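Asks: Below are the chains, spelled out letter by letter.
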Amino acid sequence: MPSLADALAAIILASLTAYVLLGGADFGGGVWDLLASGPRQARQRDLIAHAIGPVWEANHVWLILAIVLLFTCFPRAFASIAIALHVPLTLMLIGIVLRGSAFVFQNYGGGGGRVFATASLITPVLLGTTVGAVASGAVGEWGKGKWEGFYGGYIAPWLTPFDLAVGLFALAAFAFLAAVYLTLEAKDAELQEDFRRRAIAAGAALVAMAVLGLAVFPEAPPVNQRVVALTAAAALAAFWSLSRRRYKRARIAAAAQVTLIVWGWGLAQYPYLVPPVFTISDAAAPDITLKLALIAVLAGAVVLFPSLYYLLRVFKG
Amino acid sequence: MSDLLAARSQMAVSLAFHIIFAVIGIAMPVLMVLAERRWQRTRDPVYLDLAKRWARGTAILFAVGAVSGTVLSFELGLLWPGFMELAGPIIGMPFSLEGFAFFTEAIFLGVYLYGWEKVSPRAHLLAGVLVAVSGAASGIFVVIANAWMNTPTGFTLTNGSFSAIDPIAAMGTPAAFPQALHMTLAAYAATGLGVAGIHAFLLLRNPTSAFNRAALTIGLLVGAPAAVLQPIAGDIAARYVARRQPVKLAAMEALYETRAGAPITIGPGIKIPYALSLLAFHDPHAVVQGLDAVPRDEWPNVSLVHLSFDVMVALGTYMALVGLWAGWLALRKRDFATRRRFLWALAIAAPCGFLAVEAGWMVTELGRQPWVIFGVLKTADAVTPMPGLIVPFTAITLLYCALGVIVVRLLSRQIVRSPQA
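Chains V and Y, in that order, give the protein sequences. With our numbering as the guide, the letters of the first sequence map in order to residues 50 to 366. With our numbering as the guide, the letters of the second sequence map in order to residues 1233 to 1653.
Simulated from the structure, these hints should not be mistaken for laboratory data. Being a predicted model, the structure only gives us computed values, none of them experimental. Careful: at least some of the hints might be erroneous.
[As the list claims (entries may be wrong)] PhoX-like mimics (lysine-lysine), calculated; alpha carbons at most 20 Å apart, straight line: (1) Y/Lys-1284 - V/Lys-236; (2) V/Lys-297 - V/Lys-236; (3) V/Lys-340 - V/Lys-236; (4) Y/Lys-1350 - V/Lys-365.
Here chain V stands alone, though its shape is the one from the complex (with noise of 0.2 Å):
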């Protein structure tokens, strides 16, 4: 029986898998802004600009929500994890605010597109970075004199090659849902091709990072078989509908692939939130908390749901 504590991890972990799916992709656009090439480079970069607009703010605020019920309903872990990714956090904060700038005044006649780009280049990695040095265990062993010293403390823990190929891992990720989503956003075969190419290019990364972070693992990756062989299974329907060029199909077996990694991470790590020392219910904060939480959650989502599905309807068809 899931406790309340397990449901409100469960809400974060599907708001950050939101982000992922949806900010994700925007980043991944960002990506592609900066690999545009060939003969429609610019039109390329328009789509790009086209598909983003109307949404990465309202996509954006999924990481938001993440981090205020993480600090609401599970303040040590959000305490511990800020402490020890103080570094890696505050540069990916810049990256944010750079990439949502920058994007926005390239919109606005202000230049910045380059900014804009690199800018999604590097987020995603630093955000994939703190996931991995969260569930190595890097953030859990903080403090306990394992490391000494500002390079110690705070750069060695995430400057691992695991938590570094979390972070391209990340990277991948998001460049190949964008490539995907792009292709439907594109009106005309030839932009599709140039996407149906990348998002193929962009999912074969994506395996290959996979390989690498679990060869890098510190130890045997306790990993739920059954995941891996499901989000197998949505990696061979993405790759077979992109061959096919059946876009739609493509889309969803993506965000399926992409939603399984995000929960293989929450199964791999349950029942610890920062492992190896807090587990959710050690985290979490009063009952009270999390039942308003909960009701607040509840009460959100009938306001917010409708507006998402009115904004998707009125701009993604």
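Given the coordinates of chain V, assemble chain Y onto it according to the supplied hints.
Replies: Showing chain Y alone in chain V's frame:
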């Protein structure tokens, strides 16, 4: 620079930067919607042009506000993990609600900005109204969390940790209403008079521009009533501070000794007898607590708090007078655009609201020091153990300076430059 001072400075820079965008993000959608409504009623293309220009400006400002707000939500933990660990469960509630209000704001702003051709005129206007309402709600929720830091309620404190917490009681903290009222009015007054003032300046150079006349009128419609009401909200807020945070009031008024019939001190020298007792307790002989009531190490920085307070009050008074002047002209059905002295007064008021907002936040934040949670947790005990905090402080400061310059340049290109008609 000590790490504590660097952390406080980084927080101050982040808040001072974000608050400008937050204030405009709350009020600008109201102006946008009023202009669009007039366009739908009168079909005068000037109003459509205005609504579209303001929407473009709002898009730029909202984006910067959204990302700088994200920075703050992380910084609460990055700089003050001790505070968040203790306070998260009790003040997370208004932050969570703010998250959903912000969601609504972002969604309907997307519809508003990109949906001119895609949704019906009525749906478009409604999207604008929802942006305005959820923007105000976001601001109010964040201010409630801050109010709790001033007058913490809804818990029992035992050995430095909370028990029997009640997040609902925490949201009903006594400072919530006066602070939220004062801040919301400040947003409308600063933005409304800011817009009206810019267009007053442009009218001085080109008195026949229909575009600038329309913009000035809508700006005044929002800004003037708020500026006139603000001194009343300020009085309510000050009386709460007098009762709940007497040390802060003493610092605001530079009152060193507890006394009956306390005077108001303006700047370093001028004293108005009995005025402080009268204002704070509505009784000229009331006893007002001075700084001597608490030990020296629990004093805020008196000269800074007092200066900020005087600056805020002076700017607010000026804006209220300009607002009254506008009301008087409107009652007598005079044309604003031909009153040069009024236009000059309004042009001077344009930056005043934003400066007053900054000064007001310096009063409330510096006035709470050395506490982060008043009477419960000291700021020094909440700071992160990470050394070298001057580095992120410098980085964030440089980043925000650069963004500020770009935003001003873009806005002057997008909005202010009037059509040549």
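Asks: Are the hints correct? Go through all of them and say.
Replies: Taking the hints in turn, this is what the structure says about them:
no. : hint                   : verdict
1   : Y/Lys-1284 - V/Lys-236 : 27 Å, violated
2   : V/Lys-297 - V/Lys-236  : 14 Å, holds
3   : V/Lys-340 - V/Lys-236  : 47 Å, violated
4   : Y/Lys-1350 - V/Lys-365 : 11 Å, holds
Of the numbered hints given earlier, the model fails hints 1, 3; all others are met.
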